[in-house]
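Taken in sequence, the protein lines are chains A and B.
Here the first sequence stands for residues 14 to 315, numbered as in the working numbering.
Here the second sequence stands for residues -10 to 278, numbered as in the working numbering.
These aren't lab readings, by the way, just hints derived from the structure by calculation.
Even glycine gets a Cβ: it sits at the ideal position worked out from N, Cα and C.
Treat the hints with caution; some may be incorrect.
[Said to hold, decoys possible] Label-pair ranges, simulated between beta-carbon atoms:
hint	chain 1	residue 1	chain 2	residue 2	range
1	A	Leu246	B	Asp(-1)	50 to 60 Å
2	B	Asp(-1)	A	Leu41	31 to 41 Å
3	A	Pro240	B	Gly48	49 to 59 Å
4	A	Met299	B	Gly260	52 to 62 Å
5	A	Asp241	B	Glu64	46 to 56 Å
6	A	Ala245	B	Arg6	37 to 47 Å
7	B	His204	A	Trp60	51 to 61 Å
Below, each chain spelled out in residue letters.
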Amino acid sequence: MKALNLPARPSLTALNLRFPKWPDSGQLHHLRLTAMADINESLRSRWFIVYSLIFGGIVVALFMTGLTESRVMGFTGLSRLLVTYLQITMAILPIFVLLTTVRSVAGDREAGIFEYLLSLPVSLSAWYWGKMAGRFLVVFLPVVLAMLVAVVWAALKGADIPWTQVLFYTGFLLSLAWCFLGIGMLISTLVRAADVAQGVAFILWLVLLLFLDLILLGALVNGGMEPDNVIALALANPLQVFRTASMMLFDPQLVMLGPSAYLILDIFGNTAYLLWALLYPVVLGMGCAGLGYFLFQRGDLP
Amino acid sequence: MMNPISIQFDKVSKTFRGNKVLDDISLGIQQGDRVAFVGSNGAGKTTLFRCLLGEYLHGGTVSVNGKAPRNHRQEVLKQIGFVPQLPPPLKMPVGQLIQFAAGVCDSDAERMFAVATQLGLDAHAIRRQPFVKLSGGQKQKLLISIALGRDADLLVLDEPAANLDPAARHIFFQLLAQKQREVAMIISSHRLDEVAALVNRVVELDQGRIVLDDHVADQVAMDSLLDCRITLSRADSAFAETVREWGFQASPKGSVWTGKVAGPDRLRFLGVLSRYAGLLKGISMEEEI
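Make a model of the complete structure from these sequences and hints.
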């Protein structure tokens, strides 16, 4: 009988799978240089000015409308201002991060900037993660600084500062910014044309925004969707996770959420949900960015 | 003096959406080789450069001193100084671009500034200016400064002198002349006459294939200068404007022009003069000793 001529099983080496190595000092130096270049590029760009003005403007507007003076559901002062700030940020921050990231990364590649800068002996990992680190600082700092300005202002006015809330909100903002930055980097790698990448980013943001609690509730009531599926969707949507967690600090019983609060609190409890809200977006962003890097270094660079 | 360099392309092919841009390219380049890659648009010159720089995945193998550029990016690219055909639209200021390039190349930024000065560009004075706002010639000078202001064993120059004025071209040729024995050079151009005097080997590409690989006479010193004297049948304003760009000066009547032309630029200069063939009464070109 003739033997079957089966192809040899590919080895790990043949598949060119390489496990990431801890960066050496040279790579860290390149990472720092790339991050600094990206930060400087962002600081000079118009989007950054608009971005900073928007978040600074929101805080000023919230002060001016006297939100710190209002008394609703027993909460006064800074905590109400902060939760409102976070709810607005939830809608604006992701789209800003997504659009500017894909415009910058896919746009630079399209314009031929990658061809030149990647002809220099910079390692691909330092280049990719340096860009991401620089961009993260640029998108995270204005949002947090605007919030801290509110805290300092309130302190000067003699208001009580809810430090736990401030620390958690900083963490939520950090994790939301990282999450969408990672998604933006993945889109930039997958979609090479800048305008298509922007379209994809916008649609993704719209979908995530659509699947917030009210729509999910509608799907549950009118669409006959299984409650478990609705909960799974709510837990998978980083915007929903951010929204619920920011409200949880303000309103620990989640009275504002209505009956769905029972589900969240029964399944998780406060602490576990807050941890989920801090960690899940970071892991999701890291996963997307990691996949983006994997694809980036395996494809044509320019 | 750095390590001797050896570049090997072995059956290199590259396809974009079913369109074969490089088709089984095999080629070896050694230290001291100055290779002109000529061919029309779409011949595959830039694609081949990108494979050499480790930027494209491709069929076959490319190796620089036995190392694949894609797998040993930093080691290989440290040896290569590259000037692209089209300057990238970088918004970063000139000073920052030089600092970045020097930083990742482990070079001294001042060396790059010094080369720029030699080329007639005061990079310190424009260090805060965004690169994208510079003129075509300034961008080219700066990219050449970055490529030549660092230790490299191979210079990959994609239409490097296209935007330079004659004076800067002469300095550029002098800088290349200083390096010609230590490094290998690959220079691309649409036209052979643009680069013929710079190289000792010509590779012509057509539709992704090598159609000519030949050595050429290497008798023109890259740093040579020619004393030129041109006599016209009558003064002509268009001619005057053209040769003034080459730094020529006229006699009081405007019918005799004198100036200097860089040795490697002689073909290019004669090409320019050919446009005014009807006006020419006499041409004399003598190499300075």
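### Query
Failing hints, ascending?
none
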